[in-house]
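S.K.: The task is simple: from the sequences and hints, build the whole structure.
4 protein chains.
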Amino acid sequence: MILTDSLLTLFLKTRSDTEEICAPLQTEDYVVQPIVDVSPPKWHLGHTTWFFEEFILSKYVPGYERFHPEYAFVFNSYYESVGKRVVRTNRGNLSRPTVSEIYEYRDHVTTHLQTFLEENDEEHIQELVEVGIHHEKQHQELLLTDIKYILGNNPLLPKYNDTFTEHRVPDVPTRYIGIEEGVYEIGHQGTDFCYDNELGRHKVFLSEFEICNTLVSNKEYLDFIKDGGYKNSLLWHAEAWDWLQNENVESPLYWHKIDGVFQQYTLRGLSDIHPDTPVTHISYYEAFAFAQWRGERLPTEFEWEVAQSAFNWGTRWEWTESAYLPYPNYTKAPGALGEYNGKFMVNQKVLRGGSVATPQNHTRPTYRNFFHPHLRWQFTGFRLVKCK
Amino acid sequence: MILTDSLLTLFLKTRSDTEEICAPLQTEDYVVQPIVDVSPPKWHLGHTTWFFEEFILSKYVPGYERFHPEYAFVFNSYYESVGKRVVRTNRGNLSRPTVSEIYEYRDHVTTHLQTFLEENDEEHIQELVEVGIHHEKQHQELLLTDIKYILGNNPLLPKYNDTFTEHRVPDVPTRYIGIEEGVYEIGHQGTDFCYDNELGRHKVFLSEFEICNTLVSNKEYLDFIKDGGYKNSLLWHAEAWDWLQNENVESPLYWHKIDGVFQQYTLRGLSDIHPDTPVTHISYYEAFAFAQWRGERLPTEFEWEVAQSAFNWGTRWEWTESAYLPYPNYTKAPGALGEYNGKFMVNQKVLRGGSVATPQNHTRPTYRNFFHPHLRWQFTGFRLVKCK
Amino acid sequence: MILTDSLLTLFLKTRSDTEEICAPLQTEDYVVQPIVDVSPPKWHLGHTTWFFEEFILSKYVPGYERFHPEYAFVFNSYYESVGKRVVRTNRGNLSRPTVSEIYEYRDHVTTHLQTFLEENDEEHIQELVEVGIHHEKQHQELLLTDIKYILGNNPLLPKYNDTFTEHRVPDVPTRYIGIEEGVYEIGHQGTDFCYDNELGRHKVFLSEFEICNTLVSNKEYLDFIKDGGYKNSLLWHAEAWDWLQNENVESPLYWHKIDGVFQQYTLRGLSDIHPDTPVTHISYYEAFAFAQWRGERLPTEFEWEVAQSAFNWGTRWEWTESAYLPYPNYTKAPGALGEYNGKFMVNQKVLRGGSVATPQNHTRPTYRNFFHPHLRWQFTGFRLVKCK
Amino acid sequence: MILTDSLLTLFLKTRSDTEEICAPLQTEDYVVQPIVDVSPPKWHLGHTTWFFEEFILSKYVPGYERFHPEYAFVFNSYYESVGKRVVRTNRGNLSRPTVSEIYEYRDHVTTHLQTFLEENDEEHIQELVEVGIHHEKQHQELLLTDIKYILGNNPLLPKYNDTFTEHRVPDVPTRYIGIEEGVYEIGHQGTDFCYDNELGRHKVFLSEFEICNTLVSNKEYLDFIKDGGYKNSLLWHAEAWDWLQNENVESPLYWHKIDGVFQQYTLRGLSDIHPDTPVTHISYYEAFAFAQWRGERLPTEFEWEVAQSAFNWGTRWEWTESAYLPYPNYTKAPGALGEYNGKFMVNQKVLRGGSVATPQNHTRPTYRNFFHPHLRWQFTGFRLVKCK
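Protein chains in written order, with the numbering used here: chain A, 1 to 388; chain B, 1 to 388; chain C, 1 to 388; chain D, 1 to 388.
Hints are computed from structural coordinates only; laboratory data are not their basis.
Since we're looking at a predicted model, the values are computed, not measured.
It is possible that part of the hints are untrue.
Identical chains blur together in the list; that is why a pair holds if it fits in one copy or across any two.
[To be verified] Below, computed lysine to aspartate or glutamate pairings styled on DMTMM-like, alpha-carbon distance capped at 25 Å:
(1) K386 - D276
(2) K137 - E250
(3) K386 - E185
(4) K203 - E185
(5) K332 - D242
(6) K13 - E119
M.R.: Here it is in structure tokens:
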């Protein structure tokens, strides 16, 4: 458990970090929701605030008055057990509360929570604050990827700023790392923060395998495209193939073929595609098809966790072959917080690692990210494992 | 034809009127598009500006440089013959150009057109400017009704301002006006501005009829609701009945049943329903069902035009029984401007009159407004004609 | 009013005619519903039977027992006021009752109605029987067009039979017939059967016009296609253009481009396109676009009715420019029979004439057929009127 | 490898078994497709036949002429690499080929394959025949469940026959079986037939667990319903909850509440719900929610496989917690047959066991069935594992 002082510092820093991410935005950028998976930035600002108000201030601060009686409705996300919520597809239809009202709301809640924390050091409260901080850090990453989608799908292709570097070339030569057959332990241990889905440390048996120390690069991916990878149905899952046809997918998200050459939209604007940088903004479907084409496969999340200390990671979320499922004897937290992870454990794939958009210290070897297999707006990549 | 001086004055006034309508808005209100029929206010601001740039400045001003090369794409509406356009359902996904950029764009175009008009008095140009002015006035009304929708569908129910009066009680007792059988002339005459759909003045034969001098009131409409009007399938068109079931329609748009009593959202916020005010925000389907219930009927647009001088009108667009069709030997203007009206002449109903949102001098006895029969976000009402 | 004897004869002949239309079918052909507008033939057989059972036998024959208690549910169509009904899109999901059970049902009802008519000559009953006969005749035409759709959309392109002739070349040279300006009477008169939508004979004023004595031919329509008619957005209504893009429409329904040459599926199987035969299976949208391309227009239903004695008609339903609306002071019949026509009087276009699929004596100069403007599975064509 | 004689016998028996399943059907029952997951029985009859024609006769029998050139198009299912196919949702729109034509097709292919097998004993051919036999056995089960859906969703609720027994009460008392922690081997071994998805025998580590020897019963499931299981969002996955709301699910498929008491449609018609029979026709979502409610969980497919010899199984397919994923180093067969299993390995859950509809000898402890988590038309049930 983090001591109160540093918890308070971390809380305040997290709150201001979120706002810093939004600093380059125009007011209008806070409002729109071009696809259902993306939320308007102002919603993220409000939702992360509501979380502290709903689960701490309104429960533990005697006489606390909510900033606005309707905000619980507007900024609830999926917490079915905490009253009605705004349907996700409608978030982009709400012009009010305004951005500046939401910043006031943030200040209000931050201040009240600060006061409360300065006078209260119960462990239970501190645990809730810690959950709230990590919840907000998760939304920091989503904020950035949602902002990229909002700007990158505008016909004017405006840039976010001039400094954000998406581009990371590996500094080691590519090679395969062998891991021996054996029984390994999986899952979080120790007293540091983790989500409930990482708990339930348990053993798995792994056959020996060889895993690549680098992610698949743009250059390799371009070879796949040139070789007709998007045209060969045998490489794809049946529902991936349908998705491909319906959405006319022919390259990673944000790639634009201009005068016959691919370029990509980045947070700095349109730019060349660097051949040695890991490919990103691809779906699990595409990662899988690429692996089929190469005669290799994706690692399971267990293989990844066991092998991860032998390679560098953290610049791209890595699709694994594993479905997002509970660890043995996983149990949900009681009440609304129990809705946090468990209710999503169906039809999603696990991603491991982290990305250029992940907040500092917000990832670890046991962290289990998850998305539906067709989604591409996160900074997603993949590494390969050899087939025997 | 209006003389240049007054045309210029009218042009400048129209441009500033549009902006005045937007004065009470927050930046965020300019951006959203909660349903496909509503456009974001910033789109209206840009589109009305693009119209002058596309059809006048870029064609007739030598060396004119467009304010931005992509705006023609972003702000085109339905003019298929003038290049690609933003799909209507995507308008609310565009955070850029920003509101202030669009105001700059407006200034740019207004200034250039002003300069051009001060040096140019060709009749053809003046006609185009006049079309552009009337086009912008039409959008002024849409701006206001779209703003009402944007605010009125927000769970916070914010008001537009404290002064806008939707409420108009008729100052005469209700009675039926008899019109004799005969051949009447329909359509615009004279040299004042009108749209092409009003031209082709022609004769129609009308049987005698009796038309009400006032619109159906909230009180009367409440009686219809109380009598089970929304539950009786025999009163409704087949597709109206399907619409009713799918959309769970049980009252006019913007009516909220609170503690068992109907209230309505207005541009001043939530308020009581005034029994003597004409009912508004109802679809053609509802107007028709009410008339069936009363054993009366809606007037045709011809009956309305012939009788209109005998009653007051202009506070509510009035649904008629007439489909929106070309007058005999109607011909579209050549080129893109010909797309203005003719291409909508199917599956829509004619509305006559005007509303509290209609700009001054922007209506006349021959004006033909038109909407799909299920739409309700305009200030729509209706009057009855007796069945023989 | 038809005398009982001949009414009975007509009733029996109508019942057997319906079954004769189905004689070439395989059992499987009776079952499917490839699009929502088409009904399975077995449904037509049951529905026309249910009509007599519901509105006559069960009401007027003391002690009559329905053939099956659930059939009223299965075979009701749109009569909302007569209990629940099978949603139209589900009709093709019902394998039971079987075809032979439905033929038994037909025999049962035919026999009971015959017995009843032999003992009963009340005028009210005879009127209902007459409505039922005409209702069944309408379904005879739908049966044939639905069968054509079912077979013509099967990849095996099976023929219906070897004898049905869709092909009718006009036997007179094409010319335009002038009609003088004046007030004309429109609508049914006399005591012969007609639908309620033809009643309310009334006057209309028509300007002078010139109408073509023949329908637009395949040859003319091919010229339109070759000239890029389907590619020129300016010729089309806005919603027609959307329909075109969504459905990839590039020619009339049932046309197949095989080795660069159009052929058409007919009830006799695939065949060449005869240049002088009227074009058929086109939507109102296509008729309108063709007229735009030719610089002419479609007649209104009133022009058609006034001019029709001067030309031959009856081989193709003719789209008119008129929306399907009630005649002045039209009133629906009370109760469920009132649902027959009036509830469809919105968003549809009037067609006049008749087709190769129309039963003998089932059309007349005042007959108002109606369909949505995008529909093409009826034998639809059109004639032109000159624009002044 | 099965010797040729018994392979031929098995082939012929399989072909006739399929037809026996269809014996109680009316011709109409062969044609319809009420939901996308269900195929018309005549399609199953044709598709299993096409499989032999496509992969054996047309490839290995010199001069073999296909029964009909278009059948490969009509009866292909998902084999993208073998030419165009009928979109799955359109199968129910095809009245041709007729049922009797398809039976002729079956005879033709059966006879040709019999002749070929009598003269040919190459192992490769025999392997393909064996795949075809197992493919047809899989479709036998689907035939029966699809027939149940077709009849059970007809408002007349016709029965299939009087003899088919869905109902199986366990003959042992319920108890939990303990399995010790350890490394276990999973997957098929030996030379008997199995699918590629069972191969790649490999080790897994299992913690100790206790698994129930009987399936959850109707009585237990009724308790869940009575306790508000379908109303408590906390028990459900997020997308399960959406599914529940959209589809108005309140009980297992085929349950009808009649006068306040649940009854169920079975292949023998409507019947009482037997309290001790395992609950069936439930989705994975429902199985999961029930387990949450009970504070237990579903077994993984590995736990199931390891424990299965200690309990009886085979009357209901059992949902497991496992996602349908490739075993380590799984490789697809080359070419079209490789499309058989691997392409479905995403977004589905594994079911183990077998059901009353499974053909004899068509299941085994390593058999991996799979369906999307919302599907209910198979005979699906589940057993529980205790949470620690």
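S.K.: Against this structure, judge whether each hint is valid.
M.R.: These are the hints, each one checked on the structure:
{"no.": "1", "hint": "K386 - D276", "verdict": "within (21 Å within a copy, 50 Å between copies)"}
{"no.": "2", "hint": "K137 - E250", "verdict": "neither (33 Å within a copy, 38 Å between copies)"}
{"no.": "3", "hint": "K386 - E185", "verdict": "both (22 Å within a copy, 22 Å between copies)"}
{"no.": "4", "hint": "K203 - E185", "verdict": "both (4 Å within a copy, 15 Å between copies)"}
{"no.": "5", "hint": "K332 - D242", "verdict": "between (35 Å within a copy, 20 Å between copies)"}
{"no.": "6", "hint": "K13 - E119", "verdict": "within (19 Å within a copy, 60 Å between copies)"}
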